[in-house]
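Chemist: Dock chain to chain to rebuild the complex, using the hints, since each chain is given by itself in its own frame.
Keeping their order, the protein sequence lines are chains A and B.
Residue 5 is where the first sequence starts when you use my numbering, and the numbers rise one by one after that.
Residue 2 is where the second sequence starts when you use my numbering, and the numbers rise one by one after that.
Everything labelled a hint here was simulated from the structure, so no lab data went into it.
C-beta: ideal position from N, C-alpha, C; glycine also.
Do not rely on the hints blindly, as some may be mistaken.
[As the list claims (entries may be wrong)] Not everything, but these chain B residues come out facing chain A in the computed CB check (under 7 Å):
hint, residue
1, Pro62
2, Glu120
3, Ala121
4, Leu125
5, Gly126
6, Tyr127
7, Met130
8, Phe133
9, Pro139
10, Gln140
11, Lys217
[Said to hold, decoys possible] For the chain B half of the interface with chain A, some residues (derived, Cβ under 8 Å), not all of them:
hint, residue
12, Gln131
13, Tyr215
14, Tyr216
[Said to hold, decoys possible] List time: in silico DSS-like cross-link candidates among lysine-lysine, alpha-carbon distance up to 25 Å:
hint, chain 1, residue 1, chain 2, residue 2
15, A, Lys85, A, Lys70
16, A, Lys126, B, Lys123
17, A, Lys123, B, Lys123
18, A, Lys58, A, Lys172
19, B, Lys212, A, Lys145
20, B, Lys6, A, Lys112
21, B, Lys176, A, Lys145
22, B, Lys52, A, Lys112
23, B, Lys123, A, Lys58
24, A, Lys112, B, Lys123
25, A, Lys146, A, Lys126
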Amino acid sequence: MNLLEINHMKKGFDGLEVLQDISLTVQEGEVVSVIGPSGSGKSTLLRCATMLEKMEDGDLTYLGEKAAWSDGAGSCIYAPKSDLKRIQRHFGLVFQNFNLFPHYSVWKNIIDAPIHVGKVSKEEAQERAAKLLLQLGLEDKKDAYPCQLSGGQQQRVSIARALALQPKILFFDEPTSALDPELTGEVLKVIRQLAQEKMTMIIVTHEMQFARELSDRIIFMEQGRIQQQGTPDEIFASGNGRVREFIGKY
Amino acid sequence: MDLFKLIGQLGSGMVISVEIFVLTLLFSLPLGLVISFGRMSKNTLLRSITKVYISLMRGTPLMLQLMVVYFGPYYLFGIKISASYRFTAVIVGFALNYAAYFAEIYRSGIQSMPVGQYEAAKVLGYSRMQTFFKIILPQVVKRILPPVTNEVITLVKDTSLAFVIAVSEMFTTAKAVAAAQTTMVPFIVAAVFYYIFNFAVAAFMEYLEKKLEYYK
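The shape of chain B in the complex, shown without the other chains (with noise of 0.2 Å):
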């Protein structure tokens, strides 16, 4: 079997694999630290809310909670699912269950930061939101950063539990053409892509530890 033409039909599934972990980023790390607030915030409605939400996301399969997000508009509200919904449940999904994961990560590092960085900032007269986005968050960044590489880590394999609702990124063709086929090889294909994909991502956190190491 030509290993070229196999590349060549798990390509568009790898593309898919990509742009769910690049969209799901996009999403989730950002709604990670609005959720990340919302736990550490001084309102008990709120901060109840928001560690049910963590509590559920942690809680349940992510394979789970793609197909309450892909089926529920239609078995809850009877919203008439469209094929091209498909992709964007896988994201919202995602970014859902990932930000969930993150604003932990968040509320860790930002509850790690001595108090003395927030009365020295207070003192020098720099308003609330100055203080969090110029003092705080670079140096929570610094802190989180090893998490948030497993996380990420996590997520470039976590991509194929799109299979469930029909997405087909990479590992779903390779499934199809292995059991047409009857070969392993697809999924050794699959396995190089996964360790390549993570091989990229771990060198990219090294790079970013490595440059944020100019402080203590």
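Extracted from the complex, chain A is given alone in its bound form (with noise of 0.2 Å):
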């Protein structure tokens, strides 16, 4: 099945055109990734896609379900509030910054969402909770608060928060982008991790290896479309002379 489906997506910022026309879908167990210089639409596909941002025209489905079409006429209509968090339950967003809440101890970070927003019982929050801190290697930070924790320990802690939601499709927005090079590791053996659990990952990255590595499928962006996408072995033997420049780099 495919649990996320985007069509002829259209975003622009002040007349620049971000992201012209970029479709995509994405399979239950897939883990695509998603890489491109900056400035190329990766992260804004990756906002639209999570309705952080508003796209402009284009259609968004998560399960089948619209959460957001084009009227045909170049403009786009979100479906009512009620649906949109429903739908919204779905993906979750794993943030370059992490993101965590400051004055929350890494428990309840974990399992505020959960009690609050999904109304999931008390006991079944710390169930989940639990097994997440031990799956992911924090057990003993439980009672941490973020600025307690190294870079890697808040990423994993931001994972887990998102995960807590069970949801049934994970984005990452360069993930370890704001993490050195050992920090990086430990959050990509996470990730990795979570890929073989067959968990559904849209993984935005500048780790050109890791993509290689764990990724069903590498997109290629630049310049707001889609240049190429494929399999990492027909990526990294691309013929696309723009495409072997770009990894080249790495």
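Modeler: Written as structure tokens, this is what we have:
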């Protein structure tokens, strides 16, 4: 089944076309990496897909439920708020700079949304959180506050926070860009682990080797368009000069 | 002159000063939050009205505002003012004035919050109300404690302005006693009272700041 379908997504800022006609489908269990130079629209694609940004035109569908659709005249209609709230539950997002809630302990960061947003019972939320902490190697950080953690630990907590709501699809917006190489490793390890568990993920990243090893599909974006997509082998052996040039720099 | 007798004389004035202080905070702190929402509203009219309001409240003397609140009903609408309205007028005047200052402090705190906090809350599915009261406001409170402390300390001293509409808070009494007995002692007692009051306020606010130091 297609978990995510994007058709002809368009988005501009002040006349600058950041996304020009992006179409993309993601199937259950797929790991898709999005690569490309800065300013190519990768992050905007993610922000439009997660509805942090409104697209100008196009369709956005999660699990067959339409979140937004083109009116056919160059504009876009979003579903009513109550529908969006439900649809939003299908995905989670991990930010480049974590955006943990600093006044909440690690534990509360993870259990609060399931209890107060997901209407999960307290016991269930705690059970999930305990499992996630163990899985992500954070069991001794339960009572710590984000400011007491390293960047890598903070990012792992933010992954746990997203997973606690049990999304069907998880987006990552350059999850390791704020981390040094050592800390990058521990976060990539977690993402790798999720991939093995067949978590559906869309990862915007500059970690080329990681994308190559992990992804089912790599998307190369430039100037607001998908220039090429394919399996890692196809992309890394691409005949497209621009793709080769970009990958060659890493 | 008997110091204890003097303190006894000033005592009821002190109680009134403390009442003005407590009631002003009780009303102006929440009112300030509401005004700051208006100030940051997307609605241009609402934004303009609150902007003018804050400008007037900050731009004219509190003493004058107290007189307007007290005498205004009579001169503007011909409503007869009773003596008991005095104290109410003081609280209304103080609350309206301090709310304007607090509104700007709240605004600075709210606008200093990183947008990532809102985005994280949105993606996790928090409603706007939940986002504000659970995620944003607690962090704002921590950020604005130092400027709020400033205002609260000023308020302690400003309570003496109530004399202008003849509410006998402590300083009014001190002046009367000083004039009647031609002595400076009541003023010294008054100074000690304000100082101790503010010392306690500052100590309490410091305690709050310390309590919120568990996160950055």
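Chemist: Compare the structure with each hint and give your call.
Modeler: How the hints compare with the structure:
no., hint, result
1, Pro62, "violated, 39 Å"
2, Glu120, "holds, 5 Å"
3, Ala121, "holds, 4 Å"
4, Leu125, "holds, 4 Å"
5, Gly126, "holds, 4 Å"
6, Tyr127, "holds, 6 Å"
7, Met130, "violated, 11 Å"
8, Phe133, "violated, 13 Å"
9, Pro139, "holds, 5 Å"
10, Gln140, "holds, 6 Å"
11, Lys217, "holds, 4 Å"
12, Gln131, "holds, 6 Å"
13, Tyr215, "holds, 6 Å"
14, Tyr216, "holds, 5 Å"
15, Lys85(A) with Lys70(A), "holds, 12 Å"
16, Lys126(A) with Lys123(B), "holds, 21 Å"
17, Lys123(A) with Lys123(B), "holds, 16 Å"
18, Lys58(A) with Lys172(A), "holds, 21 Å"
19, Lys212(B) with Lys145(A), "holds, 21 Å"
20, Lys6(B) with Lys112(A), "violated, 56 Å"
21, Lys176(B) with Lys145(A), "violated, 61 Å"
22, Lys52(B) with Lys112(A), "violated, 38 Å"
23, Lys123(B) with Lys58(A), "holds, 14 Å"
24, Lys112(A) with Lys123(B), "holds, 17 Å"
25, Lys146(A) with Lys126(A), "holds, 16 Å"
When each numbered hint is compared with the structure, violations occur for hints 1, 7, 8, 20, 21 and 22.
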